[in-house]
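Enquirer: Chains A and B are the protein sequences, given in the same order. For the first sequence, numbering that gives the first Met the number 0 begins at 0 and goes up steadily by one. For the second sequence, numbering that gives the first Met the number 0 begins at 0 and goes up steadily by one.
Where hints are given, some of them may not hold.
[Stated by the list, open to error] Per the computed footprint, the stretches of chain A lying under chain B, defined by three or more beta-carbons under 8 Å from a beta-carbon of chain B, are:
1. 64 to 75
2. 85 to 94
3. 447 to 453
4. 467 to 480
[Stated by the list, open to error] Straight-line alpha carbon distances no greater than 25 Å define the calculated DMTMM-like cross-link-like pairs of lysine to aspartate or glutamate that follow:
5. Lys-266(B) with Glu-353(B)
6. Lys-481(A) with Glu-66(B)
7. Lys-313(B) with Glu-73(A)
8. Lys-400(B) with Asp-385(A)
9. Lys-483(B) with Glu-73(A)
10. Lys-102(B) with Glu-66(A)
11. Lys-437(B) with Asp-397(A)
12. Lys-313(A) with Glu-73(B)
13. Lys-474(A) with Asp-65(B)
14. Lys-400(A) with Glu-387(A)
15. Lys-484(A) with Asp-111(A)
16. Lys-481(B) with Asp-104(B)
17. Lys-102(B) with Asp-65(A)
18. Lys-241(A) with Asp-397(A)
19. Lys-483(A) with Glu-73(B)
20. Lys-474(A) with Glu-66(A)
[What the hints assert, rightly or not] Residues from chain A shown here face chain B by an in silico Cβ test under 10 Å; the list is partial:
21. Gly-47
22. Leu-51
23. Glu-81
24. Asn-205
25. Thr-206
26. Thr-325
27. Tyr-332
28. Thr-335
29. Gly-396
30. Pro-458
Hints listed in this document are in silico derivations from the structure and should not be mistaken for laboratory results. All C-beta atoms in this analysis are idealised placements derived from N, C-alpha and C, irrespective of residue type, glycine included.
2 protein chains.
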Amino acid sequence: MRRYIKLFAILTAVMLALVLALALFVSFRETPGVAPRYIFLFVGDGFGYPQLTLATLYNSSVLGGDELALNSFEYIGSAYTENTYSQITESAGAISAIASGIKTDNESLNIDFEGKKHETIAEKLKRQLGYKIGVISSDNLNRATPAGFYAHQKSRYDTMAIILELAESGFEYFGGSDIVGFISTESMAGKGLRDFLGEHGYRYINTREDIEKLGSAAADGKVVAVSPMLDPYGTIPYAIDKERHADSFTLAEHTKKCAEFLYGDGKNGFFIVVEGGKIDWACHANDAATLVHEVIDFDGAIKAALAFYHRHPKETLIIVTGDHETGGLSIGYSETGTRLYLHQLAEQTISYSEFSFLVQGYRRTGTPFEEVLPEIRRYFGIGPYDGENADFYLGYGDMEKLRAAYDMSMTDPSERPFTMSEYMAYGFYDPLTMTIIKLTNNKAGISWGTYSHSALPVPVLAMGNGAENFTGFYKNTEIFAKLKKLLDLD
Amino acid sequence: MRRYIKLFAILTAVMLALVLALALFVSFRETPGVAPRYIFLFVGDGFGYPQLTLATLYNSSVLGGDELALNSFEYIGSAYTENTYSQITESAGAISAIASGIKTDNESLNIDFEGKKHETIAEKLKRQLGYKIGVISSDNLNRATPAGFYAHQKSRYDTMAIILELAESGFEYFGGSDIVGFISTESMAGKGLRDFLGEHGYRYINTREDIEKLGSAAADGKVVAVSPMLDPYGTIPYAIDKERHADSFTLAEHTKKCAEFLYGDGKNGFFIVVEGGKIDWACHANDAATLVHEVIDFDGAIKAALAFYHRHPKETLIIVTGDHETGGLSIGYSETGTRLYLHQLAEQTISYSEFSFLVQGYRRTGTPFEEVLPEIRRYFGIGPYDGENADFYLGYGDMEKLRAAYDMSMTDPSERPFTMSEYMAYGFYDPLTMTIIKLTNNKAGISWGTYSHSALPVPVLAMGNGAENFTGFYKNTEIFAKLKKLLDLD
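Kindly produce the complete structure, drawing on both the sequences and the hints.
Expert: Below you can see the structure in the form of structure tokens.
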């Protein structure tokens with residue numbers, strides 16, 4: 000009899016253990032799980048579905064490159080960007096919506112109509128969970144989008160106030176393009192940006208060697224890591240112009256370095272924002288070739304985050320979004336019908352920006368039209384019919400437009416007519432450059448609706464821990480709300 | 000002692016029961032679940048993210064309507080539409096990709112380059128699972144998109160072969176716009192479409208009364224239910240023109256009726272395709288006002304499916320997608336910068352199509368420009384400045400364009416010049432109508448890149464049983480593949 004009792008006791012214990020194990024398993028599956036410790040938020044400025052698509056098609060059909068990381072995300076949402084004043088948002092308002100969840104004045108950063116400052120998701124993560132914070136941008140580190148994570152200002156153009164907030168943020172890693180517009184205050188007399196940041200505990204470094212040497216935030220403290228070899232705007236050169244410049248430090252390199260630097264010994268979580276800032280600039284200028292290279296460069300940074308994700312799949316969340324679409328980009332054009340000729344874009348090896356500088360040179364030296372034409376052929380692969388370039392030569396009408404634009408570009412800007420019709424033709428850009436860009440874009444089958452932003456919602460791509468929360472259609476403020484909820488922040 | 004044994008026995012039994020219950024619970028949660036019995040596939044022809052967005056913004060800011068059903072979908076995917084010959088697809092190729100999962104010749108329907116016919120998802124569901132099938136379209140029932148679910152032809156323009164396949168499909172419900180282009184064969188001499196369909200077991204009905212009377216497919220057999228009050232193309236009039244026509248039978252009404260008809264006594268599953276066909280037509284004509292009304296009408300049909308879904312949530316799957324984007328629609332325009340003036344679109348109360356007919360009348364009667372202007376104001380709310388309409392009057396340049404277009408429209412079409420520059424200005428449409436449409440669209444802040452399709456991927460919205468499979472980026476052929484897998488079809 001004792002034997003039976005023993006048997007029953009053992010059986011009961013085994014059953015009990017099974018019940019417990021199953022209950023644990025079920026409850027583990029039911030609970031939302033542990034919040035992500037490592038969060039990457041990629042913001043493509045001006046990055047909408049058309050930008051993603053054009054880069055994808057160009058990458059696969061012209062470059063024959065590996066699939067873009069952008070297309071590997073499992074969860075997709077779409078965020079409407081409508082702002083307080085307009086259905087088309089401006090950048091400061093858009094990033095405030097994403098960073099602190101408020102809809103505010105167009106040029107305000109994380110400050111509402113009543114003047115109340117709102118803590119950003121980065122500040123919350125730092126204060127409440129002790130996450131280390133990285134802010135990376137190919138745009139200037141004190142411009143609207145990066146500033147959206149540390150600044151609280153009525154005007155995005157209050158440069159010194161923003162730089163002061165950067166210095167007082169305590170964020171561990173700022174990386175990418177330079178801080179611009181710093182002016183020494185009286186108390187700072189004689190001191191430059193480096194000293195100013197130093198007084199706030201930041202090391203300002205701007206050589207590849209120094210950036211590569213960085214160990215971890217825990218050991219080395221806070222840094223402002225600026226890429227070497229910047230363009231005249233203090234930003235990382237356009238990817239399309241890279242070959243003409245000595246090696247800069249790319250968005251992808253910053254992303255990789257920042258993740259290592261913040262991860263350190265693995266004792267803390269981190270939140271890294273990476274802005275592909277010059278996607279927007281290229282789209283304002285309606286320059287498709289510069290755009291696709293910029294998106295592919297941005298994708299490289301996402302690949303760096305994916306590499307980290309694959310080492311920490313359960314603890315990492317990657318989100319990719321945009322603040323708004325720029326340019327009203329259409330991947331189609333009346334004249335080319337149902338065909339695209341994207342290889343035409345590959346003929347372009349210079350950004351609108353850099354070519355505009357060349358045109359300034361032509362004006363100064365009085366270079367005649369006939370001598371400019373070979374340069375146009377050299378950088379854009381188009382020109383009048385010469386028996387060799389039968390595919391994309393410029394016909395009579397095109398040549399007339401080009402000549403008219405050349406004449407305009409050779410005139411001193413202060414003496415040029417500027418009516419709506421000039422604006423529609425050239426925007427605020429160099430006439431010759433814009434005419435070439437429009438011709439090559441149209442010949443590739445690409446057209447643009449505006450030099451400004453559009454109301455198209457932005458994609459929200461999510462992967463990893465918590466990614467499933469980002470599906471569906473919602474306002475851009477929900478990106479903040481979803482992160483806040485997922486991370487159980489106040 | 001016996002008492003203890005009893006106690007242990009009871010405890011063991013209880014534990015065993017718990018283990019079983021938990022195991023069942025877990026396994027239930029683990030298995031993919033039963034495949035959906037009721038499937039709605041909505042295909043907006045020419046329906047991309049810009050079309051969805053413009054309708055959403057117009058609906059909320061101008062109409063103040065309830066949220067569109069389109070924005071309530073939880074899962075979003077994006078489908079690339081690239082075709083065999085071009086990165087911009089044509090409609091027959093696109094629908095073949097969705098319906099039978101093949102990439103084929105541009106104008107072919109479900110037949111590959113080797114001439115092999117491919118069974119469509121609708122045919123598979125009918126043959127393998129006994130699902131009843133409904134095909135609804137605001138476009139003609141024998142045009143490419145609806146035909147994509149029953150036809151297998153080298154050319155989408157082989158009208159009689161397609162109509163024969165329709166008649167032989169055995170699908171239970173065809174509804175919406177009329178079948179066009181039927182020509183009696185010799186053996187059918189003297190018989191019309193109604194007789195032809197009757198010989199194939201179909202009742203052809205085209206009055207509201209007859210359609211409303213329909214009971215169930217099980218009791219009443221197969222029908223071709225054509226909306227009364229069609230436009231000159233044999234299609235349901237544009238939603239924007241509805242008020243000038245007696246009540247037709249809308250896409251939403253067809254969707255509701257078809258679901259009841261196929262559901263019957265609930266013994267079989269069903270698959271219903273609903274095409275919003277004239278979204279595409281409006282976009283080809285770059286007519287934003289007509290477009291938004293058409294998308295909102297399409298959304299009404301989706302709401303009808305949602306009503307069914309709420310009664311059968313576990314058994315229903317709703318998917319909404321497009322075959323391609325049409326028009327390269329930008330919700331932004333250079334001249335209007337970061338503002339939209341969508342209420343301008345509300346001034347338009349006629350489609351480009353119907354206004355074109357009016358213009359033909361003006362030509363026949365020789366109506367002078369001065370008498371046409373009040374008609375333009377009446378239907379589009381724009382005209383020269385008259386002290387009252389200060390917001391959107393036409394300036395000197397606009398009036399010049401309008402006058403030139405009027406002169407062109409008053410010329411017999413066979414005597415008009417037609418070069419690329421006329422095509423760029425008016426497409427293949429009436430010059431005066433297109434000029435008005437462009438002016439009002441631009442004043443609203445809307446611009447278009449092409450009269451043709453674009454390469455933008457289409458949204459794939461999913462709700463209900465199996466919806467989670469449709470997230471991410473993929474080719475449009477995956478819509479077929481995912482359905483096939485979900486339903487475990489050969």
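Enquirer: Could you run down the list of hints and mark each one as holding or not?
Expert: These are the hints, each one checked on the structure:
1. 64 to 75: The restraint on the stretch 64 to 75 of chain A holds, since 7 of its residues have a Cβ under 8 Å from chain B and three suffice.
2. 85 to 94: Three-residue rule met by the stretch 85 to 94 of chain A, so holds; n is 5.
3. 447 to 453: With 7 residues close enough to chain B, the hint holds.
4. 467 to 480: That given contact holds, which follows from 3 residues of the stretch 467 to 480 of chain A lying within Cβ reach (below 8 Å) of chain B.
5. Lys-266(B) with Glu-353(B): 45 Å, violated
6. Lys-481(A) with Glu-66(B): 21 Å, holds
7. Lys-313(B) with Glu-73(A): 23 Å, holds
8. Lys-400(B) with Asp-385(A): Distance ~36 Å between Lys-400(B) and Asp-385(A) Cα, so the pair is violated.
9. Lys-483(B) with Glu-73(A): 20 Å, holds
10. Lys-102(B) with Glu-66(A): 20 Å, holds
11. Lys-437(B) with Asp-397(A): Holds, because 23 Å separates the two Cα atoms, which is no more than 25 Å.
12. Lys-313(A) with Glu-73(B): With a Cα-Cα distance of about 23 Å, the restraint between Lys-313(A) and Glu-73(B) holds, given a limit of 25 Å.
13. Lys-474(A) with Asp-65(B): 16 Å, holds
14. Lys-400(A) with Glu-387(A): 22 Å, holds
15. Lys-484(A) with Asp-111(A): 21 Å, holds
16. Lys-481(B) with Asp-104(B): 22 Å, holds
17. Lys-102(B) with Asp-65(A): 22 Å, holds
18. Lys-241(A) with Asp-397(A): 29 Å, violated
19. Lys-483(A) with Glu-73(B): 20 Å, holds
20. Lys-474(A) with Glu-66(A): 29 Å, violated
21. Gly-47: Nearest chain B Cβ about 8 Å off; hint holds.
22. Leu-51: Because about 8 Å separates Leu-51(A) from the closest Cβ in chain B, which is inside the 10 Å limit, the hint holds.
23. Glu-81: 7 Å, holds
24. Asn-205: Hint violated; Asn-205(A) Cβ to chain B Cβ min 34 Å, cut 10 Å.
25. Thr-206: Nearest chain B Cβ about 39 Å off; hint violated.
26. Thr-325: Because about 9 Å separates Thr-325(A) from the closest Cβ in chain B, which is inside the 10 Å limit, the hint holds.
27. Tyr-332: At 5 Å from the nearest chain B Cβ, Tyr-332(A) passes the 10 Å test, so the hint holds.
28. Thr-335: Given a least distance of 8 Å, the restraint on Thr-335(A) holds.
29. Gly-396: 8 Å, holds
30. Pro-458: Nearest chain B Cβ about 8 Å off; hint holds.
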